[in-house]
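Chemist: Once you've looked at the hints, dock chain B with the ligands against the given chain A.
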Amino acid sequence: MLGKKIKNGNIEDTLNRFLKDDQHLVLGFEKGENGVSLRAFKNYLDHYSLLNPIFSTNGALHLRRLFSKGTKIILMLRPCEIRAYIELIKLNQIEREDIIAVSIDCFGALSSKDKTDDIPAEADQLREYFKKTDTMRWACKVCRERRGVVGDAGIRIDRDGLFWAFSYTEKGDSFLSLIEGEPEESRTEMLMSGSEKQDQFQNDMKTFSKDFAKCTMCMNCRDMCPVCYCIDCVFNGDEYLPKGDALLNKILRSGPVQLPQGKELFHFIRMYHVSQTCVGCGACEEACPQGIPLTKYFKGISERLQGMFSYMSGRSFDESIPYLTFLEDELKNAED
Amino acid sequence: MLQDKAEKNPEIIGFACSYCTFKASEMAGSLRMKYPEGVKLIQVPCSSRVDPAFVIKAIFEGADGVFVAGCHPGDCHFIKGNYFTRRKIAALKEMFDAFSMKDKLRLFWVSAAEARRFIDKVTTMYNEIKERKNVREKN
Ligand code: SF4
Ligand code: SF4
Ligand code: SF4
Numbered sequence: 001m002l003g004k005k006i007k008n009g010n011i012e013d014t015l016n017r018f019l020k021d022d023q024h025l026v027l028g029f030e031k032g033e034n035g036v037s038l039r040a041f042k043n044y045l046d047h048y049s050l051l052n053p054i055f056s057t058n059g060a061l062h063l064r065r066l067f068s069k070g071t072k073i074i075l076m077l078r079p080c081e082i083r084a085y086i087e088l089i090k091l092n093q094i095e096r097e098d099i100i101a102v103s104i105d106c107f108g109a110l111s112s113k114d115k116t117d118d119i120p121a122e123a124d125q126l127r128e129y130f131k132k133t134d135t136m137r138w139a140c141k142v143c144r145e146r147r148g149v150v151g152d153a154g155i156r157i158d159r160d161g162l163f164w165a166f167s168y169t170e171k172g173d174s175f176l177s178l179i180e181g182e183p184e185e186s187r188t189e190m191l192m193s194g195s196e197k198q199d200q201f202q203n204d205m206k207t208f209s210k211d212f213a214k215c216t217m218c219m220n221c222r223d224m225c226p227v228c229y230c231i232d233c234v235f236n237g238d239e240y241l242p243k244g245d246a247l248l249n250k251i252l253r254s255g256p257v258q259l260p261q262g263k264e265l266f267h268f269i270r271m272y273h274v275s276q277t278c279v280g281c282g283a284c285e286e287a288c289p290q291g292i293p294l295t296k297y298f299k300g301i302s303e304r305l306q307g308m309f310s311y312m313s314g315r316s317f318d319e320s321i322p323y324l325t326f327l328e329d330e331l332k333n334a335e336d
Numbered sequence: 337m338l339q340d341k342a343e344k345n346p347e348i349i350g351f352a353c354s355y356c357t358f359k360a361s362e363m364a365g366s367l368r369m370k371y372p373e374g375v376k377l378i379q380v381p382c383s384s385r386v387d388p389a390f391v392i393k394a395i396f397e398g399a400d401g402v403f404v405a406g407c408h409p410g411d412c413h414f415i416k417g418n419y420f421t422r423r424k425i426a427a428l429k430e431m432f433d434a435f436s437m438k439d440k441l442r443l444f445w446v447s448a449a450e451a452r453r454f455i456d457k458v459t460t461m462y463n464e465i466k467e468r469k470n471v472r473e474k475n
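These protein sequence lines are chains A and B, in that order. The first sequence begins at 1 in this note's numbering and counts up by one. The second sequence begins at 337 in this note's numbering and counts up by one.
Don't read these hints as lab results, they were simulated from the structure. Since the structure is predicted, the reported quantities are computational estimates derived from the model, not experimental observations. Possibly wrong hints are sitting among the right ones.
Said to hold, decoys possible - Short derived list, chain A residues pointing at chain B, Cβ under 8 Å:
id, residue
1, L265
2, S275
3, Y323
4, E328
What the hints assert, rightly or not - Cross-link-like lysine to any residue pairs, in silico, SDA-like; alpha carbons within 25 Å at most:
id, chain 1, residue 1, chain 2, residue 2
5, B, K438, A, A334
6, B, K440, A, F235
7, A, K206, B, E467
8, A, K113, A, K296
9, A, K141, A, D117
10, A, K332, B, D387
11, A, K69, A, L178
12, A, K115, A, M224
13, B, K469, A, E264
14, B, K376, A, V234
15, A, K250, B, E373
16, A, K296, A, T135
17, B, K466, A, N203
18, B, K376, A, A246
19, B, K344, A, P256
20, B, K469, A, S209
21, A, K214, B, I395
22, B, K469, A, P256
23, B, K438, A, G9
24, A, K332, B, F420
25, A, K210, B, E397
26, A, K296, B, A389
27, A, K214, A, V257
28, B, K376, A, E264
29, B, K416, A, D336
30, B, K438, A, L324
31, A, K42, A, G9
32, A, K263, B, D387
33, A, K296, B, D439
34, B, K474, B, E397
35, A, K332, B, P381
36, A, K42, A, T57
37, B, K344, B, E473
To be verified - Far from chain A by the CB rule (all over 12 Å, computed), these chain B residues:
id, residue
38, S366
39, L377
40, I378
Cβ coordinates follow ideal geometry from the N, Cα and C atoms, glycine included.
The shape of chain A in the complex, shown without the other chains:
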């Protein structure tokens, strides 16, 4: 494949050149005293880090309802973040015209809740680190796409440890043209190959009750999910989860309830609502104060339901979200 080789410091120079314009922004990672974190850069890059080995939120979360044209933005994010960004475009939550989305090969990440002070942010060291310890988040261990192959362009690492930039769309071409040097054929294989297929998710209500026993219904998982985007969520009013008088009436009408109520309701409905758009990033689990294994459920269900339509969230800009389209002749076995 034709790409551009990235020499040391090359990416920083490229992004810095881009940032000279006052109307240009870069969303990427920053190395700070307290580890690596997400940062929106303006004017120049400071302590830029290509990789982010610590997962706290999904960067696409911050792009929801971004409609302004005229400000050019380059996203330098993980594949799961770019995939969520792509799903949000399909849901009309982002105007993509002035955004260039670059996905970067990802070696996995630690949870921000874990001890993170000794984790390196360089590719080769990070690989060694994860070989030695078993601290990688579960979501990353079973990640569906950790290669920088989604979005407008990708940063990939080959087997010799060299970095490459590849373009996938016209906007990707313009990103590559910002990088110094001429495009060349990459002959070495890339370090990272596609992910293994996971077993189909299967569960039962008993295990569900056990796993969610400690859920407090704080709804952080919903709020931190990049693709759970409804402004007027069904769980905000009294219809699904009544409070106060409405709750009292419900109890008087239909009997005692355990409080907090509606765990099944909340998680099942959310699981369904994000079933085609969930990118399996595990931001929900990361946000959960109670340590509920949310990724297992949300990633599991979404992969199973996406599989029915040979769909994969965020894989391409053009594939329609399955619930928004249909074939006249299909799914006969769903009819009773």
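Modeler: Quick look at chain B with the ligands alone, frame taken from chain A:
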């Protein structure tokens, strides 16, 4: 006799499109055909109006079964609503299947003229769920 009393009657919620299945249920009524009392119909303007959230709510708030019913594919009053219904409900069934509760949900196509088909579909569903429910409660 005692045995009979102990038998549990299921409750089934049906979301019925007002252009077809709901009409069929009205026709069944005017023809004095009977269907089980435990079947409660909710009229919707089109089967595609049914957000799977409604189905999930019905199930976790006590319904033993839920069906979504609309016009036969190709006959939707809104031209293609029921094709979306089929996708959404098929996916919901798959999700229920993952939690071993697929038997709780059904999808019917019943036109306004098919009163007999309506009675057959809901009665069969009712009886099967009743049987399963009582087997489960005896064990
Ligand atoms: S889920 Fe995948 S892409 Fe996201 S941080 Fe983990 S390994 Fe990287
Ligand atoms: S449900 Fe969880 S894993 Fe899926 S996209 Fe939302 S935050 Fe990520
Ligand atoms: S974040 Fe955790 S505790 Fe809060 S609602 Fe979600 S699963 Fe429950």
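Chemist: Run every hint past the structure and note whether it holds.
Modeler: So, going through the hints one by one against the coordinates:
Given hint, L265 of chain A at the interface with chain B, holds; its Cβ is 5 Å from that chain's nearest Cβ, closer than 8 Å. The closest approach between the C-beta of S275 of chain A and any C-beta of chain B is roughly 6 Å, which is under the 8 Å cut-off, so the hint is satisfied. Using the Cβ-Cβ criterion of 8 Å, the hint placing Y323 of chain A at the interface with chain B is satisfied: the shortest such distance is roughly 6 Å. Annotation: interface hint on E328 of chain A holds; nearest CB of chain B at approximately 7 Å, less than 8 Å.
Of the supplied pair hints, the one linking K438 of chain B and A334 of chain A holds, its CA atoms being roughly 11 Å apart against a limit of 25 Å. Straight-line distance between C-alpha atoms of K440 of chain B and F235 of chain A comes to about 23 Å, which keeps the hinted pair within the 25 Å bound. Restraint check for K206 of chain A and E467 of chain B: the C-alpha separation of about 22 Å stays at or below 25 Å, so the hint holds. Distance restraint check for K113 of chain A and K296 of chain A: the Cα-Cα separation of roughly 18 Å lies within the 25 Å cut-off, and the hinted pair is therefore satisfied.
Using a Cα cut-off of 25 Å, the hinted pair K141 of chain A and D117 of chain A holds, with the two alpha carbons roughly 21 Å apart. With a C-alpha separation of about 20 Å, the suggested pairing of K332 of chain A with D387 of chain B holds against the 25 Å cut-off. Annotation: proposed proximity of K69 of chain A to L178 of chain A holds, straight-line Cα distance about 21 Å (limit 25 Å). At most 25 Å may separate the alpha-carbon atoms for a hinted pair to count; K115 of chain A and M224 of chain A meet this at roughly 21 Å.
The hinted pair formed by K469 of chain B and E264 of chain A meets the criterion: a straight-line CA distance of about 20 Å does not exceed 25 Å. A threshold of 25 Å between alpha carbons decides the hint, and for K376 of chain B with V234 of chain A the separation of about 23 Å falls inside it, so the pair holds. Distance restraint check for K250 of chain A and E373 of chain B: the Cα-Cα separation of roughly 23 Å lies within the 25 Å cut-off, and the hinted pair is therefore satisfied. The hinted pair formed by K296 of chain A and T135 of chain A meets the criterion: a straight-line CA distance of about 17 Å does not exceed 25 Å.
Simply put, K466 of chain B and N203 of chain A have alpha-carbon atoms about 24 Å apart, close enough for the 25 Å limit, and the pair holds. Distance hint between K376 of chain B and A246 of chain A is fulfilled; the C-alpha atoms sit about 23 Å from each other, no more than 25 Å. Under the criterion of a C-alpha separation no larger than 25 Å, the hint pairing K344 of chain B with P256 of chain A is consistent with the structure, at around 20 Å. Our distance criterion of 25 Å between C-alpha atoms is met by K469 of chain B and S209 of chain A, whose separation comes to about 21 Å.
Between K214 of chain A and I395 of chain B, the direct Cα distance comes to roughly 22 Å. Compliance with the 25 Å bound is thereby established for this hinted pair. The suggested pairing of K469 of chain B with P256 of chain A holds, with an alpha-carbon distance near 22 Å, which does not exceed 25 Å. Note on K438 of chain B and G9 of chain A: the hinted pairing is violated, with a Cα-Cα distance of about 55 Å set against a maximum of 25 Å. Of the pairs offered as hints, the one joining K332 of chain A and F420 of chain B holds, with about 13 Å between alpha carbons and a cut-off of 25 Å not exceeded.
Taking the CA atoms of K210 of chain A and E397 of chain B, the gap is near 19 Å; set against the 25 Å cutoff, the hint holds. This hinted pair checks out: K296 of chain A and A389 of chain B have alpha carbons roughly 21 Å apart, not beyond 25 Å. A distance of roughly 16 Å separates the Cα atoms of K214 of chain A and V257 of chain A; the hinted pair therefore holds under the 25 Å criterion. As the CA atoms of K376 of chain B and E264 of chain A are separated by approximately 23 Å, the hinted pair is consistent with the 25 Å bound.
Straight-line distance between C-alpha atoms of K416 of chain B and D336 of chain A comes to about 19 Å, which keeps the hinted pair within the 25 Å bound. For the proposed pair K438 of chain B and L324 of chain A, the alpha carbon gap of about 23 Å is at most 25 Å, so the pair holds. For the suggested pair K42 of chain A and G9 of chain A, the alpha carbons sit about 18 Å apart, so the restraint of at most 25 Å is met. In summary, the hint linking K263 of chain A to D387 of chain B is supported, as the alpha carbons are separated by about 18 Å, within the 25 Å threshold.
Taken as a hint, the K296 of chain A and D439 of chain B pair is honoured in the structure, with Cα atoms around 23 Å apart against an allowance of 25 Å. A threshold of 25 Å between alpha carbons decides the hint, and for K474 of chain B with E397 of chain B the separation of about 22 Å falls inside it, so the pair holds. A C-alpha spacing of about 23 Å is found between K332 of chain A and P381 of chain B, which places the hinted pair at or below 25 Å, so the restraint holds. A distance of roughly 21 Å separates the Cα atoms of K42 of chain A and T57 of chain A; the hinted pair therefore holds under the 25 Å criterion.
Pair hint K344 of chain B plus E473 of chain B holds up; C-alpha atoms about 8 Å apart against a cutoff of 25 Å. Even its closest Cβ contact with chain A, about 25 Å, leaves S366 of chain B beyond 12 Å, as expected for a residue assigned away from the interface. Even its closest Cβ contact with chain A, about 16 Å, leaves L377 of chain B beyond 12 Å, as expected for a residue assigned away from the interface. Annotated as non-interface, I378 of chain B keeps its C-beta farther than 12 Å from every C-beta of chain A; the closest such distance is 14 Å.
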